[in-house]
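With the hints as extra help, turn the sequences into a complete structure.
First to last, the sequence lines map onto chains A and B. In terms of our numbering, the first sequence opens at residue 1 and continues consecutively. In terms of our numbering, the second sequence opens at residue 1 and continues consecutively.
Careful, some of the hints might be misleading.
No distinction is drawn between identical chains; accordingly, a pair holds when it is met within one copy or between any pair of copies.
Mimicking SDA-like on lysine to any residue, the simulated pairs with C-alpha atoms at most 20 Å apart in a straight line are [said to hold, decoys possible]:
id : residue 1 : residue 2
1  : Lys193    : Glu12
2  : Lys108    : Pro121
3  : Lys108    : Leu119
4  : Lys64     : Asp78
5  : Lys193    : Val162
6  : Lys86     : Ala6
7  : Lys193    : Glu161
Don't read these hints as lab results, they were simulated from the structure.
There are 2 protein chains.
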Amino acid sequence: MATISAQLYEYELPEASNVALVGIDMQRDFLEPGGFGDALGNDVLRLQAIVPTLKRLIERFRAKELPIIHTIECHQPDMSDCPPSKIKRGKGDLKIGDPGPMGRILIKGEPGNGIIPELAPIAGEFVIYKPGKGAFYATNLELILKEQNITHLFITGVTTEVCVQTTMREANDRGYECLMVEDCTESYFPEFK
Amino acid sequence: MATISAQLYEYELPEASNVALVGIDMQRDFLEPGGFGDALGNDVLRLQAIVPTLKRLIERFRAKELPIIHTIECHQPDMSDCPPSKIKRGKGDLKIGDPGPMGRILIKGEPGNGIIPELAPIAGEFVIYKPGKGAFYATNLELILKEQNITHLFITGVTTEVCVQTTMREANDRGYECLMVEDCTESYFPEFK
Numbered sequence: 001m002a003t004i005s006a007q008l009y010e011y012e013l014p015e016a017s018n019v020a021l022v023g024i025d026m027q028r029d030f031l032e033p034g035g036f037g038d039a040l041g042n043d044v045l046r047l048q049a050i051v052p053t054l055k056r057l058i059e060r061f062r063a064k065e066l067p068i069i070h071t072i073e074c075h076q077p078d079m080s081d082c083p084p085s086k087i088k089r090g091k092g093d094l095k096i097g098d099p100g101p102m103g104r105i106l107i108k109g110e111p112g113n114g115i116i117p118e119l120a121p122i123a124g125e126f127v128i129y130k131p132g133k134g135a136f137y138a139t140n141l142e143l144i145l146k147e148q149n150i151t152h153l154f155i156t157g158v159t160t161e162v163c164v165q166t167t168m169r170e171a172n173d174r175g176y177e178c179l180m181v182e183d184c185t186e187s188y189f190p191e192f193k
Numbered sequence: 001m002a003t004i005s006a007q008l009y010e011y012e013l014p015e016a017s018n019v020a021l022v023g024i025d026m027q028r029d030f031l032e033p034g035g036f037g038d039a040l041g042n043d044v045l046r047l048q049a050i051v052p053t054l055k056r057l058i059e060r061f062r063a064k065e066l067p068i069i070h071t072i073e074c075h076q077p078d079m080s081d082c083p084p085s086k087i088k089r090g091k092g093d094l095k096i097g098d099p100g101p102m103g104r105i106l107i108k109g110e111p112g113n114g115i116i117p118e119l120a121p122i123a124g125e126f127v128i129y130k131p132g133k134g135a136f137y138a139t140n141l142e143l144i145l146k147e148q149n150i151t152h153l154f155i156t157g158v159t160t161e162v163c164v165q166t167t168m169r170e171a172n173d174r175g176y177e178c179l180m181v182e183d184c185t186e187s188y189f190p191e192f193k
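Here is the structure:
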């Protein structure tokens with residue numbers, strides 16, 4: 001049993017490998033200059049800053065052959081999985097499904113929707129395509145965690161106050177022991193991190 | 001169609017009665033002097049302040065015969081629905097299931113677990129017993145909303161940054177049009193509201 005200093009509680013890590021790394025929505029459209037986030041006027045360089053740190057953490061997990069789960073926020077091309085309330089609420093001119101600088105906004109398979117090349121999943125890693133902010137809603141994440149006997153989650157990714165926090169709340173309700181890795185998560189807004 | 005001034009968007013309310021009021025966790029243990037929240041050192045008077053306002057809103061919904069949904073955070077007496085991670089993390093001496101000033105902490109049916117008398121549900125109103133912070137997790141809330149053709153939710157209750165926000169995030173992912181009623185929600189911590 002290892003203990004990691006954390007808030008609000010010390011984080012106790014079992015010796016057995018029941019821990020997974022969750023990388024949330026490290027997608028080109030959120031992180032790259034010229035993407036959707038950038039087009040909305042956000043400072044994507046803030047988010048870029050965590051990439052090297054998260055990359056090192058991913059490499060540690062790979063070296064120890066521990067499970068890595070990547071999530072991608074997206075909808076089907078026909079948007080059958082996108083509630084009208086979300087389409088209506090696009091900020092500014094760009095709404096979900098509209099043509100954006102790197103393909104249709106938040107549509108699966110578009111260039112901007114993919115994970116940034118630096119953190120691209122490799123064979124054997126899990127990719128969760130999620131239609132919500134929370135990674136448990138309408139996905140097979142819970143099934144994967146149960147099948148892999150995962151009880152502990154290292155949570156990373158963007159953005160802290162939206163998809164990361166929503167997913168961590170869902171995970172807490174479901175009884176997973178979560179550690180938010182502070183230097184591997186970021187927000188467009190410093191006060192929200 | 002009525003429009004309510006709100007952030008981040010104007011809230012458009014359909015004429016048809018597809019709106020429900022959700023009152024989250026207005027429980028004696030969180031709101032009353034001598035309860036669990038009080039025993040943890042929280043200022044329950046902060047939360048008491050919204051009771052008259054919420055009561056008026058509930059009465060308006062009753063007068064218009066619109067659906068009202070109350071939630072109660074609780075676990076079964078045998079705690080079979082409570083993950084070990086949550087039991088372990090009780091703050092201070094009082095953990096879930098322990099005997100508290102108004103009965104066992106967060107256990108269904110205990111005196112402190114019930115809704116405060118001022119806002120007690122009446123016949124025909126829904127009560128959701130929820131084991132998580134989010135009201136959609138492991139409950140029949142989504143089923144009720146679908147059966148009642150509810151598309152719009154007025155969200156109220158306590159505490160703002162925990163159960164209220166978690167539930168609103170879940171509702172947003174599921175496509176419900178949510179309005180958080182600012183003067184009908186409160187937190188123990190002013191900065192979190």
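Hint-by-hint comparison with the structure:
no.	hint	in the structure
1	Lys193 - Glu12	neither (24 Å within a copy, 31 Å between copies)
2	Lys108 - Pro121	within (16 Å within a copy, 44 Å between copies)
3	Lys108 - Leu119	within (18 Å within a copy, 45 Å between copies)
4	Lys64 - Asp78	neither (39 Å within a copy, 38 Å between copies)
5	Lys193 - Val162	both (10 Å within a copy, 17 Å between copies)
6	Lys86 - Ala6	between (35 Å within a copy, 16 Å between copies)
7	Lys193 - Glu161	both (7 Å within a copy, 15 Å between copies)
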